[in-house]
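Trainee: Chain residues, written in single-letter form:
2 protein chains.
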Amino acid sequence: MSLNIMYDEAKKTVEKALLNSGLSPRQAEVCADIHIQSSADGVESHGLNRIPRFVDYVQKGWVNVSGNPELKCAKGAVENYDGHLGIGITNALFCSDRAMELAKEHGIGCVTLKNTTHWMRGGTYAWHMAEKGFMGISWINTESCMPLWGSDEPGVGNNPFCIAIPREEGPIVLDMAMSQYAYGKLGTYRLAGKTLPFPGGFDKDGDLTDDPGAIEDSMRILPMGYWKGSGMAIVLDMAAALMANGNSGIDIDNANSGSCTGCCQIFIAYDPYLFGSKEEIQSLLNARVNAADSTHPDKEEGHVYCPGERTMNTRKKSMSDGITVNENVWNQIKAIADGNLNITDVSSK
Amino acid sequence: MSLNIMYDEAKKTVEKALLNSGLSPRQAEVCADIHIQSSADGVESHGLNRIPRFVDYVQKGWVNVSGNPELKCAKGAVENYDGHLGIGITNALFCSDRAMELAKEHGIGCVTLKNTTHWMRGGTYAWHMAEKGFMGISWINTESCMPLWGSDEPGVGNNPFCIAIPREEGPIVLDMAMSQYAYGKLGTYRLAGKTLPFPGGFDKDGDLTDDPGAIEDSMRILPMGYWKGSGMAIVLDMAAALMANGNSGIDIDNANSGSCTGCCQIFIAYDPYLFGSKEEIQSLLNARVNAADSTHPDKEEGHVYCPGERTMNTRKKSMSDGITVNENVWNQIKAIADGNLNITDVSSK
Numbered sequence: 109m110s111l112n113i114m115y116d117e118a119k120k121t122v123e124k125a126l127l128n129s130g131l132s133p134r135q136a137e138v139c140a141d142i143h144i145q146s147s148a149d150g151v152e153s154h155g156l157n158r159i160p161r162f163v164d165y166v167q168k169g170w171v172n173v174s175g176n177p178e179l180k181c182a183k184g185a186v187e188n189y190d191g192h193l194g195i196g197i198t199n200a201l202f203c204s205d206r207a208m209e210l211a212k213e214h215g216i217g218c219v220t221l222k223n224t225t226h227w228m229r230g231g232t233y234a235w236h237m238a239e240k241g242f243m244g245i246s247w248i249n250t251e252s253c254m255p256l257w258g259s260d261e262p263g264v265g266n267n268p269f270c271i272a273i274p275r276e277e278g279p280i281v282l283d284m285a286m287s288q289y290a291y292g293k294l295g296t297y298r299l300a301g302k303t304l305p306f307p308g309g310f311d312k313d314g315d316l317t318d319d320p321g322a323i324e325d326s327m328r329i330l331p332m333g334y335w336k337g338s339g340m341a342i343v344l345d346m347a348a349a350l351m352a353n354g355n356s357g358i359d360i361d362n363a364n365s366g367s368c369t370g371c372c373q374i375f376i377a378y379d380p381y382l383f384g385s386k387e388e389i390q391s392l393l394n395a396r397v398n399a400a401d402s403t404h405p406d407k408e409e410g411h412v413y414c415p416g417e418r419t420m421n422t423r424k425k426s427m428s429d430g431i432t433v434n435e436n437v438w439n440q441i442k443a444i445a446d447g448n449l450n451i452t453d454v455s456s457k
Numbered sequence: 109m110s111l112n113i114m115y116d117e118a119k120k121t122v123e124k125a126l127l128n129s130g131l132s133p134r135q136a137e138v139c140a141d142i143h144i145q146s147s148a149d150g151v152e153s154h155g156l157n158r159i160p161r162f163v164d165y166v167q168k169g170w171v172n173v174s175g176n177p178e179l180k181c182a183k184g185a186v187e188n189y190d191g192h193l194g195i196g197i198t199n200a201l202f203c204s205d206r207a208m209e210l211a212k213e214h215g216i217g218c219v220t221l222k223n224t225t226h227w228m229r230g231g232t233y234a235w236h237m238a239e240k241g242f243m244g245i246s247w248i249n250t251e252s253c254m255p256l257w258g259s260d261e262p263g264v265g266n267n268p269f270c271i272a273i274p275r276e277e278g279p280i281v282l283d284m285a286m287s288q289y290a291y292g293k294l295g296t297y298r299l300a301g302k303t304l305p306f307p308g309g310f311d312k313d314g315d316l317t318d319d320p321g322a323i324e325d326s327m328r329i330l331p332m333g334y335w336k337g338s339g340m341a342i343v344l345d346m347a348a349a350l351m352a353n354g355n356s357g358i359d360i361d362n363a364n365s366g367s368c369t370g371c372c373q374i375f376i377a378y379d380p381y382l383f384g385s386k387e388e389i390q391s392l393l394n395a396r397v398n399a400a401d402s403t404h405p406d407k408e409e410g411h412v413y414c415p416g417e418r419t420m421n422t423r424k425k426s427m428s429d430g431i432t433v434n435e436n437v438w439n440q441i442k443a444i445a446d447g448n449l450n451i452t453d454v455s456s457k
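Protein chains in written order, with our numbering: chain R, 109 to 457; chain U, 109 to 457.
No wet-lab data here; the hints were simulated from the structure.
All C-beta atoms, glycine included, are put in the ideal place defined by N, C-alpha and C.
Careful: at least some of the hints might be erroneous.
Which residues of chain R face chain U? A partial, calculated answer using Cβ under 8 Å [stated by the list, open to error]:
1) V264
2) G337
3) F383
Using the sequences and the accompanying hints, generate a full structural model.
Mentor: This is the structure we're talking about:
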């Protein structure tokens with residue numbers, strides 16, 4: 109069962125839950141906004157669904173609410189921070205803001221963050237930069253949950269990669285994990301008794317399958333584009349560790365203290381109006397988007413969208429009609445807000 | 109039929125062919141090296157196979173051998189060049205060298221290039237930066253040759269995206285186009301009478317197929333990861349145009365003067381030893397690569413490789429046993445070297 113909750117009502121409850129779990133008023137407000145915005149954008153898995161697990165991580169000490177980004181080194185357009193296992197969202201917002209400050213000064217700004225925690229929806233920080241008028245690129249390394257191409261055991265993180273293009277009509281945002289489907293999506297299809305639209309992994313016999321349950325059993329989710337997503341995942345892992353002088357995916361595996369705990373994150377901001385006027389650049393981008401959106405659809409009444417365009421529609425609908433949330437998840441958040449910190453994670457992973 | 113030609117012999121012939129087509133001795137030497145190295149690395153499509161078409165483009169005036177990169181604007185760690193439709197390879201090498209110079213000064217360096225021409229193998233410049241000891245990121249926008257997800261007509265470029273990680277034992281290099289298979293690969297499978305290992309596009313009825321000829325007929329190659337490769341392709345196009353203040357893919361379509369003519373290219377270099385010692389960083393990278401390579405294979409006698417590792421093996425073999433080249437292609441290059449500039453492109457696209 110799903111409920112529809114208006115933004116302000118959701119915010120009051122989530123803030124209270126986060127305050128109860130030990131966050132400061134400012135941390136609770138920022139994190140409530142980011143989680144609720146993700147759900148409002150249609151990304152429930154890392155939005156409201158994730159609140160109970162986040163609270164659980166705080167209780168376990170895997171997220172340190174007193175940890176703040178500490179500048180370790182800097183050179184020119186690059187800064188490197190230690191996140192001290194602080195809150196993933198506030199650490200990442202801080203670093204994306206710093207990347208934009210550096211971009212104002214140097215044209216491009218790059219902030220590399222190590223020892224941080226789960227940043228929730230991958231696209232949040234690229235969206236944030238685009239909404240502030242910058243082009244944003246970001247990625248992360250995570251624990252191994254996907255087999256590399258040619259292997260049958262988890263060997264690399266499903267590391268998301270994001271690029272956001274600022275546009276007055278709404279940013280164009282790539283927010284892309286390296287697997288064809290997230291584990292959460294497999295669960296959604298399985299619970300609905302459906303097969304996947306395309307094969308999403310291997311079964312225990314090593315055959316490609318569109319049966320979500322068979323993939324959950326084998327833990328062999330498929331990299332997007334087979335060898336391509338596998339190659340990109342391992343290179344993003346290495347790039348993040350190198351740039352942040354921090355953990356690689358295997359170090360995160362070995363720490364065994366929750367998803368993304370101790371990971372590296374990269375934030376690159378670029379000033380879009382360095383070389384062209386705002387009018388020129390916006391007109392170029394609009395022409396490109398309009399051309400893409402008006403290519404001939406492959407189905408009658410079909411329509412081609414650029415990444416992020418449908419998100420804006422979902423967001424508008426959520427703001428007017430309320431944000432969709434699973435009833436069990438919402439009851440659990442309300443229980444936390446009422447002071448019950450005994451967490452059982454009822455959300456999909 | 110294929111021949112095996114030793115590097116130095118290949119270089120003499122290719123240099124002569126390029127001199128005949130109007131390149132300066134320095135241009136001919138650099139371009140000969142890059143084309144032959146691509147073939148030596150196993151990427152024949154953009155190596156020796158591409159020489160006749162390149163010479164043809166020069167004859168048609170689509171590549172201007174007198175065009176050189178001109179600095180248009182600069183700010184901090186970013187420089188923007190106009191390539192004046194000069195030789196794609198020399199323009200791109202110049203810009204990747206400049207990106208490394210900027211990285212030395214600012215930690216990160218970003219060079220954006222507009223109005224340039226085909227750079228041949230996408231990975232060349234990221235490989236170049238990694239071999240010089242920098243982490244490199246590069247991408248390009250190209251003419252529309254792939255349908256966006258949800259469309260049945262070409263609407264976006266098959267824009268390659270590359271990341272290279274410097275490593276003493278050999279760089280780890282992602283060199284990834286956005287389609288599951290290149291058109292060249294479809295032709296190879298069709299000529300061999302084989303089906304593709306996985307579906308690579310749609311037939312004229314709109315059904316996913318592994319029949320390479322059916323995809324060549326429909327021109328509906330499949331983006332890697334379906335909607336994912338489509339989304340990444342359009343965002344890379346916009347990012348390149350925005351950063352270089354240059355053409356988007358649709359402008360390149362409209363110019364109708366050959367593949368990539370007038371495109372934008374982005375070169376980002378990062379100093380890998382900004383925050384960690386060379387020893388620490390190399391040890392981190394080696395541990396990551398070794399862990400990936402030793403994950404359990406999905407087939408008996410299988411082996412997992414990181415991207416670039418097999419390329420190094422192919423390169424070594426080519427340097428000792430000679431470089432594989434299609435006999436028709438080689439005869440055509442020899443004819444150009446003998447002064448016959450009447451080009452019929454016999455290579456696969």
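Trainee: Are any of the numbered hints broken by this structure? If so, which, sorted upward?
Mentor: none
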